[in-house]
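Participant: What follows is each chain in one-letter form.
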Amino acid sequence: MRAFEYASAMTKEQAVGLLGASWDDAMVLAGGTDLISLMKDDVVHPKRLVNIKEIKDLRGIRSRSDKMLAIGASTTLQELVDDAQAAGYRALIQAAESIGSQQIRAMATVGGNLCQRPRCWYYRAGYGLLATNNGESLVPTGDNRYHAILGNDGPAYFVSPSSLAAALIAYGAKLAVFGPKDAREVAAEQFYVIPKAEGDREHDLKPNEIVTHILLPAAAGVRSATYKVHQKDGLDWPLATASVALKMNGDKVSAARIVLGHVAPIPWRSPEAEAALVGKTISEATAQAAGDAAVSKAKALSGNGYKIQLARVAVKRAILDAARGGAK
Amino acid sequence: MRDDDDKVVEKEGISRRNFLKVSGISLTVPLVLGPRVVRAGGADVKVFGPGKVPVTLMVNGKAMKTEVEPRVTLLEALRNDFDLTGAKRVCDRATCGACTVIVDGKPTYSCTVLAIEAQGRGITTVEGLMQGDKLHPVQQAFVDNDAQQCGFCTPGFVVACKAFLDKHPNPTPEQVQQGLGGNLCRCGTYMGIRAAVLQAANQQKGGRRNG
Amino acid sequence: MAEYKWPEADKRTLIGKRISRVDGPQKVSGRAKYSFDYNPKGLLFGKIVRSPHAHAKITSIDTSAAERMPGVKAVHIVQQPGTELFWAGASVAAVAAVDEATAEDAARAVKVVYEVLPHLVVDRDPKMAGDNARPSAAQTAGDADKAFAEAEVTVEGFYGLPVITHCCLEPHGSVMEWQGEQNVLAHLSTQAVSGAPAQIARPLEIPAANVRCVQDHIGGGFGSKFSPDEWDITAARLAKKAGAPVKMFNERDAELMVAGTRPSAYAKVKIALKKDGTITGWQSESWASGGMGSGGSPPLPYIFNIPNQRKQHTAIVNNVGSARAWRAPGHPQACAITMTALEDAAAALKMDPVDFFLKNIDMTGARAAIYREELGIAADLIGWKKNWHERGDKTAGPIKRGMGLSMHTWGGLGHPSDCDLTIQPDGSIEMKMGTQDLGTGTRTAVMIVVADTLGVPLEAVKLMIGDSRYPVSGASGGSTTIGGVSASARRASLDALDGLFAKVAPALNADPNELEAVGGKIQVKGHPDRSLSWQQACQKLGGMPLTVRGKNPGPGSLINQGVGGVQMADVSVDVETGIVKMNRIVAVQDCGLIIDLKTAESQVYGALIMGVGYALYEEKIMDQKLGRMLNPNMEFYKLAGIGDIGDFKVHMMTGKGYDERGVIGLGEPPVISPGAAISNAVANAIGVRVPTLPLTPDKVLAALEQKGGRKDASI
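Protein chains in written order, with the working numbering: chain A, 1 to 328; chain B, 1001 to 1211; chain C, 2001 to 2715.
Excised from the complex, chain A in its bound form:
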């Protein structure tokens, strides 16, 4: 790790004041589970770290008067899993409770999970977010077994690493962002962007902005679930996830939000799958059809075709799980 200077902010105003105009100037330290590794791998080398864990306003979960549930960005994943008010957001809790390990969940924060960087092994080895060597992407001709099957027209091929993000988008969550000039709210769905050039980020966040809260609309009557496909039981990156949130009218789906994780450079909302499900009764066949629709535009790279099948199954199983036990 390269040397840096360190400051701990007590307020969000101090935090943004301590941040700089470029990512190299300063970065936010929350749980650290991703950032410290990125620094050890010399992928990022900020001159200053700004610890935001001491900011009281950023911790904890509370219901607001407008019925939104506000999750402080530096709430840990375990605090989220254990929180009674968040328990109704089943897809979110299912996504959170299997992230990493007991240590990761105790350390990592919700905001950090949303802002963590991709695990693409070319990126982590120093070839940039777009994984290029001599101007050419290493991914299509390299080992892309863990890379994107959707949104992979290039130049970005990595997959979004956040399981929470897909669940939050399924609920239509917003992120509260605080910067030097003002606070703003952005739909979680809009927060993620596919970078077009090296130097672009996969998040809509400026170097001197921080995510302060996650705002979840009330989910009463919403049937939801997250299904994760990962090879190992313990700490292991998912190969595909699907989060679904369904509104029912009798036994028919009246509205659906279906979001895939770990399959595209951003959490991938699938209008195709949603359209396939709306108006239908949930059954193995309709869930399967939605799964098929979700991957209808998927495109295999040389070594990741299997992920198309995994994404399809994740969508199917998440829908069936939501139908079985989704309303809380």
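For the record, the hints were derived by calculation from the structure and aren't laboratory data. Check each hint, because a few of them may be wrong.
[Unchecked claim] With a cut-off of at most 20 angstroms between alpha-carbon atoms, the simulated EDC-like pairs for lysine to aspartate or glutamate come out as follows: (1) B:Lys1106 x A:Glu97; (2) C:Lys2041 x B:Asp1083; (3) C:Lys2625 x A:Glu136; (4) C:Lys2699 x C:Glu2619; (5) C:Lys2385 x C:Asp2352; (6) A:Lys247 x A:Glu189; (7) A:Lys232 x C:Glu2635; (8) A:Lys299 x A:Glu272; (9) C:Lys2111 x A:Asp41; (10) A:Lys56 x B:Asp1104; (11) B:Lys1106 x A:Asp82; (12) B:Lys1046 x A:Glu13; (13) C:Lys2041 x B:Asp1081; (14) B:Lys1046 x A:Glu54; (15) B:Lys1046 x A:Asp25; (16) C:Lys2400 x A:Glu284; (17) C:Lys2275 x C:Glu2390; (18) C:Lys2656 x C:Glu2373; (19) C:Lys2041 x B:Glu1067; (20) B:Lys1205 x B:Glu1174; (21) C:Lys2240 x C:Glu2181; (22) C:Lys2462 x C:Asp2495; (23) C:Lys2581 x A:Asp233; (24) A:Lys232 x C:Glu2619; (25) A:Lys53 x B:Asp1044; (26) A:Lys56 x B:Asp1044; (27) C:Lys2503 x C:Glu2516; (28) B:Lys1167 x A:Glu97; (29) A:Lys299 x C:Glu2705; (30) C:Lys2270 x C:Asp2143; (31) A:Lys232 x C:Asp2647; (32) A:Lys232 x B:Glu1174; (33) B:Lys1167 x A:Asp82; (34) C:Lys2033 x B:Asp1083.
[Unchecked claim] Now the in silico label distances, taken between C-beta atoms and shown as ranges: (35) A:Glu136 x C:Gly2383: 52 to 58 angstroms; (36) C:Glu2156 x A:Asp24: 57 to 63 angstroms; (37) C:Gly2130 x A:Lys297: 38 to 44 angstroms; (38) C:Val2116 x B:Pro1169: 56 to 62 angstroms; (39) C:Pro2299 x A:Glu97: 44 to 50 angstroms; (40) C:Thr2083 x A:Glu97: 48 to 54 angstroms.
Yeah, the Cβ is synthetic: ideal placement off N, Cα and C, and Gly gets one too.
Using the hints, position chains B and C against chain A.
Facilitator: Same frame as chain A, but now just chains B and C:
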């Protein structure tokens, strides 16, 4: 956009030029410097480093002092500065659990926490679990069930199991398997560990006073 | 004169019992010190400057900036300009500094210019290898042409397993400390304490007698830590230059890149059979890579001495960190190829593989009877008859269950081992032996043998190992340690008793030959009333202690070699995701006389877990364009976790027919079969062979697709 940002920073009282100048000092000067104070968010905020800064850690109930750069991890400080070598460095990337310690009651990968940010927190290492010469029930259960071979993952596993049992005093075998996935062993001692966790849980039932 | 044999079963007080390892309390409390934990006063931290290229020549090295950095105490050029480097991660230069961060900054400040040369880092296809493919001549036995011409059934397949790494949790390295100008104290992480001084001394050009190697505990070796490495020698050179001890251990990425691999193995196999299941011919075209070395050729066909054979093997030389012995070198590869090919043959004949293996069991030679017995026991323990089905679980739903089996062998003859056993006039007992405990339980086993023989409690024995100043004992590898150390400890203990009996006999009015050591007493055989306590007896030694040297090899028959094992695996496969979950493995294993049943079982459990790892997860993934390893971390170089292994049932073949063979090593054998047994279970579950390990979802889905089940699963 960047110009705007610059202006904001100036208004907050941190000169960007100053910032770079200070950050740009030779990064390995072994001098211990007091913190700088910068103006941010309407308050004076202390900025430490990048050189060595005094750090006090509360480890196993004792205040321990050293001087380290902000980039030094809690694990490195424990091992290199305090000679508490029970926690091991293995993956060094928050994956394998060999460095697990308990921070404010929570299982923590010490390879991925900065020593400077661990100040003011209660840190328990594997060395702190023993009560005098007596092994902690989790430690005794590891011995009884041969839950170690080479033993390099063992201290981290012991601490992780202790933290797990604090949260799940009555675990099912399934919970044990799902709950301890944050630690890896290469010799293959998981069968013994599963049995050890269940034994320790049984022993602690009804009288969990020592935690 | 002592009779050198093991006590009869009814006389064993500790041998063969379930005894907790003696260093357990140290390990669980964090007090056990590994070489990596050693922090002598004034310690400096070493760091290696590594080549990022798989194949390159050094053009120039500029260390001036590093040398100027405050806190840097020594800089050393490991490879001079002009030197060719053959893999990414190879050492170029090294620094030592007052702390790790400074050492890292200094290493980064060393500027190296390379001339990049062409490389090869993959081995999946020998055609890609060009000149780096080194075919050897075909080997034949019997008349393979005739066997295949006359075969009633011929079965063909492709099988293989990739390069994997040892991934020792304690990385390779050392703390090197000079004591004066000519003496080195080496805290090395090693499987061979006694042999280390000579290897450290030679490059340093000092007498081996001036080097002392010590090691209390080692954090894993698995075959990769037999010799000190170049970076250990570099640490010694830096320590000399700096005048202070230097700690040099690999970072995790370097550990996975350069500190040893298990060679790959791939083979196209053809088997000739009769319809009744008799195997009549074997043909294989195999290739493997062990990096810049050949990696050896796996012993195909494994175990079964098929009468007619034609085999040809090609070594692929490539720019990957070199192979080192990996637990049972060559055997897991040969086993995974042979046992899967044979199981495919059984499936083609629609035979139960247990029947098929039994049908041909005499081809296994000397161990046939043991395999037959073990197959029966394993089948009972896993419920084979009740649960086995023909290929392809026909039940509804996406989860398919299946069972598979495999068999293996290993030598395990005890290595040369010396020890000194001292009995003091106050009764205290001290044993010195230059061995090391890899976590196999060597300490515990030696103490069990000494205590059982002397008739004293385990705690009465003070054992000192892990120091090259103690009597020479062999390297711990190849399952040779338990035989070596138990035999030398037994001989020393028996000889010590002889010496003691001679001193004690007059006091008991008996002939020394009439005495025995039982229950903390020396007594006339069968006469507890004519006895002295251990302490009283030892007082008869007079003023001086009694010391004897125990040796292996030596008189009497205490050890043996050659074991057989059978394993059966039960798995569930989700055919929609291709994910394999372990339900159970049954392992039936013989290893002669067992010293400590508890740690012996732990060896088998551990081997099975390593086996699950390489069967399902492990692979050193190389990028041919970049020439580097893509997963040099523990996130994507995946080891099995506590929730991934299912359940195990271990059955040790003990008692009559086994114990009297003497002690045989156990570390290697049980790690050989899991790959084949699990692959066979997956094939049985899903109805099609997944040709290569690890059995990852992409490959499982691809196999299913080929069978005609699924789309999209291209690999």
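Participant: If a hint holds in the structure, say so; if it does not, say that too.
Facilitator: To see whether the hints hold, each was checked on the structure:
Distance check on the hinted pair: B:Lys1106 and A:Glu97 sit about 16 angstroms apart at the alpha-carbon level, within 20 angstroms; holds. Pair hint C:Lys2041 plus B:Asp1083 holds up; C-alpha atoms about 11 angstroms apart against a cutoff of 20 angstroms. At roughly 11 angstroms between alpha-carbon atoms, C:Lys2625 and A:Glu136 fall within 20 angstroms of each other, so this suggested pair holds. Proposed proximity of C:Lys2699 and C:Glu2619 is supported: the alpha carbons are some 13 angstroms apart, at most 20 angstroms.
Restraint check: the Cα-Cα separation between C:Lys2385 and C:Asp2352 comes to about 9 angstroms, which is no more than 20 angstroms; the hinted pair holds. Note on A:Lys247 and A:Glu189: the hinted pairing holds, with a Cα-Cα distance of about 19 angstroms set against a maximum of 20 angstroms. A C-alpha spacing of about 11 angstroms is found between A:Lys232 and C:Glu2635, which places the hinted pair at or below 20 angstroms, so the restraint holds. Of the supplied pair hints, the one linking A:Lys299 and A:Glu272 holds, its CA atoms being roughly 15 angstroms apart against a limit of 20 angstroms.
Using a Cα cut-off of 20 angstroms, the hinted pair C:Lys2111 and A:Asp41 holds, with the two alpha carbons roughly 19 angstroms apart. Proposed proximity of A:Lys56 and B:Asp1104 is supported: the alpha carbons are some 17 angstroms apart, at most 20 angstroms. Taken as a hint, the B:Lys1106 and A:Asp82 pair is honoured in the structure, with Cα atoms around 14 angstroms apart against an allowance of 20 angstroms. Only pairs whose Cα atoms come within 20 angstroms are accepted, and B:Lys1046 paired with A:Glu13 is accepted, the gap being roughly 15 angstroms.
Of the pairs offered as hints, the one joining C:Lys2041 and B:Asp1081 holds, with about 11 angstroms between alpha carbons and a cut-off of 20 angstroms not exceeded. A C-alpha spacing of about 14 angstroms is found between B:Lys1046 and A:Glu54, which places the hinted pair at or below 20 angstroms, so the restraint holds. Under the criterion of a C-alpha separation no larger than 20 angstroms, the hint pairing B:Lys1046 with A:Asp25 is consistent with the structure, at around 17 angstroms. Restraint check for C:Lys2400 and A:Glu284: the C-alpha separation of about 19 angstroms stays at or below 20 angstroms, so the hint holds.
Distance check on the hinted pair: C:Lys2275 and C:Glu2390 sit about 17 angstroms apart at the alpha-carbon level, within 20 angstroms; holds. Taking the CA atoms of C:Lys2656 and C:Glu2373, the gap is about 13 angstroms. The hint holds against a cut of 20 angstroms. About 17 angstroms separates the Cα atoms of C:Lys2041 and B:Glu1067, which keeps this hinted pair within 20 angstroms; it holds. Annotation: proposed proximity of B:Lys1205 to B:Glu1174 holds, straight-line Cα distance about 18 angstroms (limit 20 angstroms).
For the suggested pair C:Lys2240 and C:Glu2181, the alpha carbons sit about 8 angstroms apart, so the restraint of at most 20 angstroms is met. Straight-line distance between C-alpha atoms of C:Lys2462 and C:Asp2495 comes to about 18 angstroms, which keeps the hinted pair within the 20 angstroms bound. Distance hint between C:Lys2581 and A:Asp233 is fulfilled; the C-alpha atoms sit about 9 angstroms from each other, no more than 20 angstroms. Restraint check for A:Lys232 and C:Glu2619: satisfied, since their Cα atoms lie roughly 15 angstroms apart, inside the 20 angstroms limit.
For the given pair, A:Lys53 sits about 18 angstroms from B:Asp1044 by alpha-carbon distance, which is consistent with the 20 angstroms threshold. Of the supplied pair hints, the one linking A:Lys56 and B:Asp1044 holds, its CA atoms being roughly 18 angstroms apart against a limit of 20 angstroms. At most 20 angstroms may separate the alpha-carbon atoms for a hinted pair to count; C:Lys2503 and C:Glu2516 meet this at roughly 13 angstroms. With a C-alpha separation of about 14 angstroms, the suggested pair B:Lys1167 and A:Glu97 falls inside the 20 angstroms cut-off, and the hint holds.
Proposed proximity of A:Lys299 and C:Glu2705 is supported: the alpha carbons are some 17 angstroms apart, at most 20 angstroms. Among the hinted pairs, C:Lys2270 with C:Asp2143 is consistent with the structure: their alpha-carbon atoms are about 14 angstroms apart, no more than 20 angstroms. With a CA separation close to 16 angstroms, the supplied pair A:Lys232 and C:Asp2647 stays within the 20 angstroms bound. Our distance criterion of 20 angstroms between C-alpha atoms is met by A:Lys232 and B:Glu1174, whose separation comes to about 15 angstroms.
For the suggested pair B:Lys1167 and A:Asp82, the alpha carbons sit about 11 angstroms apart, so the restraint of at most 20 angstroms is met. For the hint pairing C:Lys2033 with B:Asp1083, the CA-to-CA distance comes to about 11 angstroms; that is within 20 angstroms, so the pair holds. Evaluation of the 52 to 58 angstroms hint for A:Glu136 and C:Gly2383 yields a pass: the beta carbon distance comes to about 55 angstroms. Take C:Glu2156 and A:Asp24: their Cβ atoms lie about 58 angstroms apart, and the range 57 to 63 angstroms holds.
In this structure, C:Gly2130 and A:Lys297 meet the distance hint of 38 to 44 angstroms, their C-beta atoms being roughly 40 angstroms apart. Checked against the hint of 56 to 62 angstroms, the pair C:Val2116 and B:Pro1169 passes, with Cβ atoms roughly 58 angstroms apart. In this structure, C:Pro2299 and A:Glu97 meet the distance hint of 44 to 50 angstroms, their C-beta atoms being roughly 47 angstroms apart. Taken as a hint, the range 48 to 54 angstroms holds for the pair C:Thr2083 and A:Glu97, whose Cβ atoms sit roughly 53 angstroms apart.
The structure meets every hint from the earlier list without exception.
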